[in-house]
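Chain by chain, the residues run as shown.
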Amino acid sequence: MVEDMTTPLLSDSEAPADALPVCLTSPTVAILGSGDFSRSLALRLVASGVRVVVGSRCVNRIPSGLFPDAVELRNQEGAVSQAVCLVFMAVFPEHYCSLLGLQSALAGKVLVDVSNGAEMNIHGPSNAERLAELFPDSLVVKGFNTVSTWELQTGAHDGSRQVMICSNSTEGKKKVVQLARQMGFHPVDMGGLSAAREIEVAPLRLFPSWSGPVVVTFLLFLFFYGYGFLRGILLPFLAQGGHNAFYRLALDLVNESLPAVALVTLALVYFPGLFAAWLQLWRGTKYQRFPSWLDNWLQRRKQLGLLSFLCAALHGVYSLCLPLRRITLHRLVNTAYRQVKAGTEEPWDELGVWRSDLYLSCGVLGLGVLSLLAITSLPTVGNTLNWREFTFVQSGLGYIALTLSIMHTLFFGWDFAFHIEAYPFYMPPSYLLAVVVPCIVLVCRCFL
Amino acid sequence: MVEDMTTPLLSDSEAPADALPVCLTSPTVAILGSGDFSRSLALRLVASGVRVVVGSRCVNRIPSGLFPDAVELRNQEGAVSQAVCLVFMAVFPEHYCSLLGLQSALAGKVLVDVSNGAEMNIHGPSNAERLAELFPDSLVVKGFNTVSTWELQTGAHDGSRQVMICSNSTEGKKKVVQLARQMGFHPVDMGGLSAAREIEVAPLRLFPSWSGPVVVTFLLFLFFYGYGFLRGILLPFLAQGGHNAFYRLALDLVNESLPAVALVTLALVYFPGLFAAWLQLWRGTKYQRFPSWLDNWLQRRKQLGLLSFLCAALHGVYSLCLPLRRITLHRLVNTAYRQVKAGTEEPWDELGVWRSDLYLSCGVLGLGVLSLLAITSLPTVGNTLNWREFTFVQSGLGYIALTLSIMHTLFFGWDFAFHIEAYPFYMPPSYLLAVVVPCIVLVCRCFL
Amino acid sequence: MVEDMTTPLLSDSEAPADALPVCLTSPTVAILGSGDFSRSLALRLVASGVRVVVGSRCVNRIPSGLFPDAVELRNQEGAVSQAVCLVFMAVFPEHYCSLLGLQSALAGKVLVDVSNGAEMNIHGPSNAERLAELFPDSLVVKGFNTVSTWELQTGAHDGSRQVMICSNSTEGKKKVVQLARQMGFHPVDMGGLSAAREIEVAPLRLFPSWSGPVVVTFLLFLFFYGYGFLRGILLPFLAQGGHNAFYRLALDLVNESLPAVALVTLALVYFPGLFAAWLQLWRGTKYQRFPSWLDNWLQRRKQLGLLSFLCAALHGVYSLCLPLRRITLHRLVNTAYRQVKAGTEEPWDELGVWRSDLYLSCGVLGLGVLSLLAITSLPTVGNTLNWREFTFVQSGLGYIALTLSIMHTLFFGWDFAFHIEAYPFYMPPSYLLAVVVPCIVLVCRCFL
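Protein chains in written order, with the UniProt record's numbering: chain A, 1 to 448; chain B, 1 to 448; chain C, 1 to 448.
In short, the hints are calculated from the structure, not lab data.
Be aware that a few hints might be false.
Claimed, not checked - The calculated DSS-like cross-link candidates involving lysine-lysine, where the alpha carbons are at most 25 Å apart (straight line), are:
{"id": "1", "chain 1": "A", "residue 1": "Lys-341", "chain 2": "B", "residue 2": "Lys-286"}
{"id": "2", "chain 1": "C", "residue 1": "Lys-341", "chain 2": "B", "residue 2": "Lys-341"}
{"id": "3", "chain 1": "A", "residue 1": "Lys-286", "chain 2": "A", "residue 2": "Lys-302"}
Because the structure is a prediction, the values reported are computed rather than measured.
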């Protein structure tokens, strides 16, 4: 979107006279360290009209052209002495101790800790807290570690990129917040320095809120796929000695498992809400905390819903692909061939026509309603809704989607579940297993 | 998005005196009332680093653990006396009178009215205005009622949740705006206290801008569905005594009505713009107000367009489902059977092949262009476009989509409309009815 | 989204007392000129609680009712003298000279240049710079030209509409930024006045970052379409004298070209990254600038990826349409007819069944992964990702999508490419051409 950062970058070097008045407004900022992050940070600061001095232990080893011309390169003491108030610590946290000699020079100044956490370990103090211990007379602020060097270089003109900031010093936090805004970022105050650990591990996280729901969905898929394999392919193969239906593995079985997964996952979205409501009724109060597993579950409903939508959409596309399969052509031609051999037209099957039309209709509409739910879960769309609208969409439309999906399954199943042939090896068809939890949820909902 | 208002307001250089109270940091805030909203508000304030005192008439009846430990519980007088400047009124508006005894204690303080409107009635003063009458010496600010208790409890770290605020007191508004930002919300200044009524009913609204377009689309669907039922099912059934085509109700007829609705709705998106242009030409000025019905219509174009896209997309999915139907298999097999009986291959129908390919192509491309339009109507995507790009997409691509949809219909209709068999009971096919308005719009557009 | 600007507009006339305190806070602002932009700007300022005076050379010729009642109309001198600090220049930049008489009256005041650039010419000073030359004693600020009159009138309550601002005067910029926020816009500081040219041409741009990728994609489509036309239609027609396959132009050939385009475009997304990595390895440093063509290419990867997704999605929908074609029915019926004539059922083709299921599966999954990529490229979704998540999605999922697409193509191709019949006129099938670059990219990736 916004990659037009080049102009200010260039205009600075092209027309230094231009930049002057801007520089007068922002007091010089120092950056200790000359690595990648330091370089990108310097670029961004210069582009935002800030005078920057970079302090390094070995200034002479920095290749020329690495930093923009407007940046002054000094040794560490020189850089710190030039900084009016803000000093970025762009060195590895392991090397904080080596800066102890600057303690007095840094006293009273704002030190910005931009380091990431080393591992996901929860124990031990955060880098920023250790820095604050080492430099008790400085105002330590945690921030900018969640921003990548790429974002620093390209800029974020739309100001939507968040920069999480925390500090025990209100004064220091205010200065950094102001600078972050000048750089085009969206500073978010996370509170005191004790929040630093959370900020430090934030860049290491990989979709933390998705891991649980993805695992659940994947296990459900494995279960239904394995069950279908046993019931429809392996056991018949062993029993009938060689009747080979393994060709169903690639598409048929996947398309049989996906709707079951989608249905159960959608039910899992609404189950914890019902359980919570029942718990409140049973306890007689709504002010007691829920057990933490229920709390977690409640907070993952959005992810479960989106995964359910993903499975349902894949099932839809797979089903639409069915007429394109080689086997469909094969069956059609042979059906026609047998009809001709039998010497009669295929009789009109009114019930069969209604059944297929009804389950297709319910499926299409259910998927349509799920799409609306998925769209409103986009941040900007959801933010424009008031509470009543949000409830209408997520609860009202959600239950409509669930009902349509159940009807889709029941019309698909028709009365076949009442015939003994549906239970080879005493195993019910998988859509019958899948429809149990959703039906329970729907019945409970009607009673509550 | 935009919460950097603090800087100019506080900016060190301008008004150092201003910055002081914020640094202290936040003076104690009082909340009167101990209900759900009070509890959630207290949680959020504490989490944002604000000292909170809750005032209740019966402090002893509050269960321990209901409020976080950091919150002080007092009687109402005690709470108000501790509040430095801000007092939240988290009591039912009916009970405002019962607080009249606090009038002098509340004088000069900022009272934040967080109540919702009781009903959708437009008459009578708003709660906030009544509060201002009762406490003439206080600075009444309306706000926070649009935020749900859930959002208060979970926070809104991304600062995108809006809080609408209005007041006759600039001073009071400024304080509340500042607090809202500290809490992570996005305050929006709605002007004087007369805007309070609108703010109070905002949480009661249910998609106000959608009701009109949804009703129009639904009525169009009813019309086309009913028309198709009469023409294709009921009248033939009555005339031929028992020729049963009722199986077409579930899918066929829906899939026949949806494209007609989509086409007419899409034309309705572009009709008011043409009418407005014609009106301006006729009046000879563009500075006269449009009649309000036209104004409303113009403001609903986006919703109409999205509903048209929804119908078109459903039509697309339904059409792709056709080969999956039981009846399709039935027809295919019997066609082959009859071909065999006749003893000849089916002859090559070049025109028929071109016709089907052309109407499928136009349909797919039209839906594709409509999808692009729908995507750019997402807030964040649309906000990145400049006016010229917006016009190019909405008007340029929009008319391309309309043209492709009309071509889709015309290729589908081919020359069948010129044959008498297309008019059973003197009723033209519904696609012929649907294509009239879009054609008029397209022709007018070419002339204007 | 936000079209409820009416209330503040009305509240002015309803409750004049109401408006007073708000007005006291914002010093009077003057607008020179009485055109469309001036009118809309005045509306917006009044709605935001700012006192406005409009200065025009011929006040008497302004029709009554054109400006809201709260706006005062004066001659130019009168308007400027009332302005406390801010004067908007809503006149054509060609007429700036005619205002030279106001030079002393405007001295020390902030002049906001709202003009657009006349053409896309890069040479010559920007309007704002010319204004600054003409009025050296005023503080010239560029801004608001990127906002349309429509947005001014309807307002932007969600504060997401950007207003780009630049100036050499920090003081002036600060005042304008503050006003922009009061008006509900999102001011973005673009630096010194030398950035004015860029801001002035911004509204004239039409998707600048899309033109390159769109042209590339279109040329690729032309190539594959033309190649397919030659190989499959024209040359066979000429060679066999009259074997007419021109019916394939409308759908078949498009659906054959689209996947080839999608595949090559997707490879082009990942090619520059690999080349850049190789360049860094070869140069032995990552701090040397890339050649500008590579830089441009790297910056267009997102657009290329979205166009690849568009082509892939269209290919998907076209393919699903295949069973709906007239020719499909024709072929099916005649296949069955021939089978009957031959007197045998069609034999079971296990390999053919596997092949069709596998290429359909890979295609569906590849498109699904591409959809996830497209969704995360939406600004709000992408902004919530940290760097690690972004890399996982864009690089990890991206290569999975590429691999699945290649497998889709290879399964589709099967072993046909090893038969001589696949090379009529010595021309290989187009999917074979399309799969070359992606395979190279995939192999290079494994090595790097």
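So, going through the hints one by one against the coordinates:
Between Lys-341 of chain A and Lys-286 of chain B, the direct Cα distance comes to roughly 76 Å. Violation of the 25 Å bound is thereby established for this hinted pair. Between Lys-341 of chain C and Lys-341 of chain B, the direct Cα distance comes to roughly 11 Å. Compliance with the 25 Å bound is thereby established for this hinted pair. Restraint check for Lys-286 of chain A and Lys-302 of chain A: satisfied, since their Cα atoms lie roughly 22 Å apart, inside the 25 Å limit.
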